[in-house]
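Chain order of the listed sequences is A and B. 1 is the number of the first residue of the first sequence in the working numbering; add one for each residue after it. 374 is the number of the first residue of the second sequence in the working numbering; add one for each residue after it.
It cannot be assumed that every hint is accurate.
SDA-like cross-link-like pairs, simulated, lysine to any residue; straight-line CA separation at most 25 Å [said to hold, decoys possible]: (1) Lys104(A) <-> Asp473(B); (2) Lys109(A) <-> Met90(A); (3) Lys101(A) <-> Val467(B); (4) Lys560(B) <-> Asn89(A); (5) Lys131(A) <-> Leu565(B); (6) Lys356(A) <-> Asn279(A); (7) Lys488(B) <-> Arg49(A); (8) Lys67(A) <-> Lys482(B); (9) Lys488(B) <-> Asn128(A); (10) Lys472(B) <-> Gln83(A); (11) Lys567(B) <-> Ser137(A); (12) Lys63(A) <-> Gly27(A); (13) Lys131(A) <-> Glu562(B); (14) Lys488(B) <-> Tyr125(A); (15) Lys482(B) <-> Glu72(A); (16) Lys472(B) <-> Pro155(A); (17) Lys412(B) <-> Arg485(B); (18) Lys482(B) <-> Asn89(A); (19) Lys482(B) <-> Ile65(A); (20) Lys131(A) <-> Arg564(B); (21) Lys488(B) <-> Glu94(A); (22) Lys107(A) <-> Arg485(B); (23) Lys259(A) <-> Lys332(A); (24) Lys488(B) <-> Ser134(A); (25) Lys567(B) <-> Gln141(A); (26) Lys131(A) <-> Pro496(B); (27) Lys184(A) <-> Gly112(A); (28) Lys472(B) <-> Leu103(A); (29) Lys560(B) <-> Ser134(A); (30) Lys107(A) <-> Pro155(A).
Worth flagging that the hints you see were computed from the coordinates, not collected in a lab.
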Amino acid sequence: MIRFENVTKSYGKNVILRNLNFTINPGEFVVLIGPSGCGKTTTLKTINRLIEPDGGKIFIDEKDITKENPVELRRTIGYVIQQIGLFPNMTVEENIAIVPKLLKYPKEKWQGVVKELLELVGMPYEQNAHKYPSELSGGQQQRIGVLRALAASPPIVLMDEPFGALDPITRDTLQDEVRRIQKKLKKTIVFVTHDMDEALKMADVIVFMDSGKILQMASPEEMLRNPADPLIAEFMGKHMSNANMIFTAADFMKTRVTKVSRTTLTLQSIELMRNREVNSLLVINDDDTYFGSVSIEKLRSQGKPGKEIGDMVSDEAPVVNVKDDARETFDKLMTSPTGYVVVLNDDATVAGLITKTSMTKAMGEALWGEMSS
Amino acid sequence: MIFNYITEHVVIVLIAILVSILIGIVLGVIAYWVRLAEKLILWIVEILQTIPSLALLAMLMIVFGLGNVTLIVGLVLYALMPIVRNTHTGLTNVEPFIKDAARGMGMTKLQRLVKVELPLSFPLIFSGIKIALVNSLSVAVMGVLIGAGGLGFPIYRGIQTQSMQLILTGAIPVVLMALIFDFFMSKIERRLLKRA
Ligand SMILES: Nc1ncnc2c1ncn2[C@@H]1O[C@H](COP(=O)(O)OP(=O)(O)O)[C@@H](O)[C@H]1O
Ligand SMILES: [Mg+2]
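Looking at chain B on its own, in the form it has when it is part of the complex (with noise of 0.2 Å):
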């Protein structure tokens, strides 16, 4: 039974993840090419993140509705911050003699992009991803009072008929997760900036 659940909080966050990581990097990017846009991206992105998490659930459901889907909007936008600003920052930061050689080659823009400034920003966007996959774990649980799955139901249950138990059997497997994917991931993230 709470495995179904636990898959159900995990598929939910995957989705999200990875529907942010696309965003995130595509903002990211637009952030650091278009003078313009840099500082209306990384404000937007910011404020996203002040905006209490249930607030911004229930936002969501007066457009979206009850569900799963809902949650997933709401988990997307909430992990954006993380993963535009470390994407922006590294493609700013990529040492301006690397982007000079890049150009002086005769590379486009989007070659430029794609095969010197990502792979050189790749630690740093992992990163971003590594916290927003962390936080989104714990967030996710809130989409129990918008009609979705996951680990808060038995959490809310729990609270529901005070019983300690099935508050703890929800809320162990979050703090588990959370743990285990940020000690993973660290070491990942170590390795790569090592390399870099």
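Here chain A stands alone, though its shape is the one from the complex (with noise of 0.2 Å):
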């Protein structure tokens, strides 16, 4: 358990860290993230002492670091950083192993850690452990930045935006291999970040800091519901509207609809339907306001030559306004006779149309972006 209490920080004048109290529990995956300059580094590198507050006490496991040896501390604490850092003078075994020797591991021990670490990445140890960081891609680089974090099995690990140099598919790969280490070593994971995807997937907890004090800190499910400031509102863009469902019967509806005025004729009528290939028909007044729908059925059974096709509108179809909640269309929906909800401008004119076709592509694009048809 790491125990932030009071924690402050300045550079002179420059105020880097306001008053810091949180707790991240033992396995908990949790994500520092803010815009640049908020001071997530500084936070980070308090806990391995890299830099030591003005005021405040950080507890590990309810003791206070300022009492332990730094160099020991920083043994147990593992690091990683976005540049990666590995020592281009040592091989990938070297750089795995430094740890370990630092420790006083025997050979046949830390030798084993090395192969056990290179298994874990699916990066062979024959093949891999001789080579030196520059005969590496980068994203194998920052695999094995990531195992000689681990190397020593420190109980924390700090990561200090790890992937943020990396393309956006090695990137992806890593987030996944650390989430899959985190679970299954379960290591109490504190990991810096300014992508908000990331912090999303890979994160317990999120926690979000502003010019030195954090503004909110929670589950990134809680941060989406409820996000307590604007600034996370922002931060978190495309995935708030999804997870507040802040949407409406505009959103869902098909706006390429088929109106006719309340005097148009049977035959008529149903020419139109079989062109446009639509099975009813919106009638609007003379003002454009809406009067009532028609459908396929009711024009062959009721309609006939010259007959008006105002005189056999229903109103079965169920009325929403474009701002209505989506959820209550949604219900209206499924329970109308007719199979769609007709949306309505405030001024009564004809918005739109949304059928269980224009519903599903609309909660589609939703999910997954725009889509291709």
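Please assemble the complex out of the two chains, which come individually in their own frames, going by the hints.
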């Protein structure tokens, strides 16, 4: 367990950390996020004492870390940085074995660790252990960076934007690997990022910081549902709208609908339906306001050549306003005898129509982005 | 006969350079570690270098007397500057994130120096050693004036007897050795820099 108690840090007049108070539980994946310069790296580095706070205390398992030897403390805390920081003068094996060797593991033991860890990320020992970092791709280098941090089985691992410099595909793979390793080895991970996608994907708990303060500390779910600050909502951007379901009827309707005037005659209407391949028509008054709808069945049973469509409309189709909540609209659609819902503007003109097809398509777009068709 | 001079010359220079490497790296590390000493050390080695070699040897002669030892001390002092400066620059210029990583792993200051910072500075330190060695080969010729051996002797005798042949017998090996050391060490240097 890591506990911050009133931790402060300033550089001259610049206050970098303002009274941080929070607790990280064992085995948790905690992500620090916030705008650049808000103090994420500084916070992280106070945990392994690369930076000493001016005030307040940090406890690891209820022990004040200033009471410990910083060098020994760091050997029990893994550390991964964005620039990877593998030592170019050492092989992969030597890099991974640094902390085990500092801790005086016997050779068989640290070699076993190296083999085991390389296995864990699918980089066979024979092919990789004796390479130099410059012979590896960026993604492989950071895999080794992560393994180096894990080598002495530290219960806590600090990661400062570890995947920030990788291409999106490699980043995605490494995110998955780290999450899997964390679950498997039950590590407490404190992870810094400025990428909300990454935070939402990785975190058990997100700590949102701004100018040295914590704006919110919550699970991804909770933060999405209830962002405590407009800045957080802004950071979540596209994720927000999904999670909050602030959809309205307008988000689900199709706007290409077939509208006809009340005075349209039966045969003309049937012809129109055949041409447009629709099975109902929306009938409007002369001032464009909605009057009612007519289905093809009704036209077939009641229509006669020369009869005006206005005389056959029904008001069976449910009607909603464009701004109505999507959920209510959805309920009406499910119980609609006509299989569709008519959406009206504030001035009672027709805005569109929601069918099961248009609803499904819109939901797909919300989930997976713009659909091709 | 000339081979004895050459051998003596080379031995004097190599001893001086080895001592200078040891002292130079230590001073470079102290300048890197100790803020207060940094300016002072760099300033002193710079000053040493600007003293004309003949004047430096003459002053040392007053303290150490005549002979090879005095020449070696002079060469050591003279060779310090490139080695100290390059060691200091090399250590200072190791990427901050590498130093951060090393510190974050729980390496002590000495472990960081020996396992990471010095190895990564080695290409630059090696260039300093090359400069020092090539310089020393010619400066060592002055040794004859304070009673030391080496190729200065035939050159000096040549000047006294106005024998061009004798002067060249001493001068050509000095030039050739300087060129040869420079050539091979530059090759190594390039390879080191490429690897870094
Ligand atoms: N050694 C330092 N001296 C002065 N200011 C610093 C130092 N290190 C960081 N800062 C400042 O502290 C602030 C927070 O830095 P940092 O924790 O690295 O932010 P983040 O990681 O969130 O981008 C920044 O404004 C930065 O300029
Ligand atoms: Mg940062």
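Straight-line alpha-carbon gap Lys567(B) to Gln141(A), limit 25 Å: Answer holds: Lys567(B) to Gln141(A) is near 19 Å, not above 25 Å.
25 Å limit on alpha-carbon distance, applied to hinted pair Lys488(B) and Arg49(A): holds, 21 Å
Hint consistency between Lys131(A) and Glu562(B) [alpha-carbon to alpha-carbon, up to 25 Å]: Roughly 22 Å separates the two Cα atoms, so the pair holds.
Restraint check for Lys482(B) with Ile65(A), where alpha carbons must lie at most 25 Å apart: Roughly 20 Å between the alpha carbons, so the hint for Lys482(B) and Ile65(A) holds.
Proposed proximity, Glu72(A) with Lys482(B) (alpha carbon, max 25 Å): Holds - the C-alpha atoms of Glu72(A) and Lys482(B) are around 13 Å apart, at most 25 Å.
Restraint status (C-alpha distance of Lys131(A) to Pro496(B) at most 25 Å): Satisfied, since the Cα-Cα distance of roughly 20 Å is no more than 25 Å.
Proposed proximity, Pro155(A) with Lys107(A) (alpha carbon, max 25 Å): holds, 22 Å
Pair hint Lys560(B) and Asn89(A), alpha-carbon separation not exceeding 25 Å: OK: Lys560(B) and Asn89(A) at ~20 Å, within 25 Å.
Pairwise hint evaluation, Gln83(A) against Lys472(B), where the allowed Cα distance is 25 Å at most: This hinted pair holds, its Cα atoms lying about 12 Å apart.
Holds or violated: Lys567(B) to Ser137(A), with C-alpha atoms at most 25 Å apart: Holds, because 18 Å separates the two Cα atoms, which is no more than 25 Å.
Hinted pair Lys109(A) and Met90(A), Cα distance within 25 Å: holds, 19 Å
Straight-line alpha-carbon gap Lys63(A) to Gly27(A), limit 25 Å: Holds, because 18 Å separates the two Cα atoms, which is no more than 25 Å.
The structure fails none of the hints (numbered hints given earlier).
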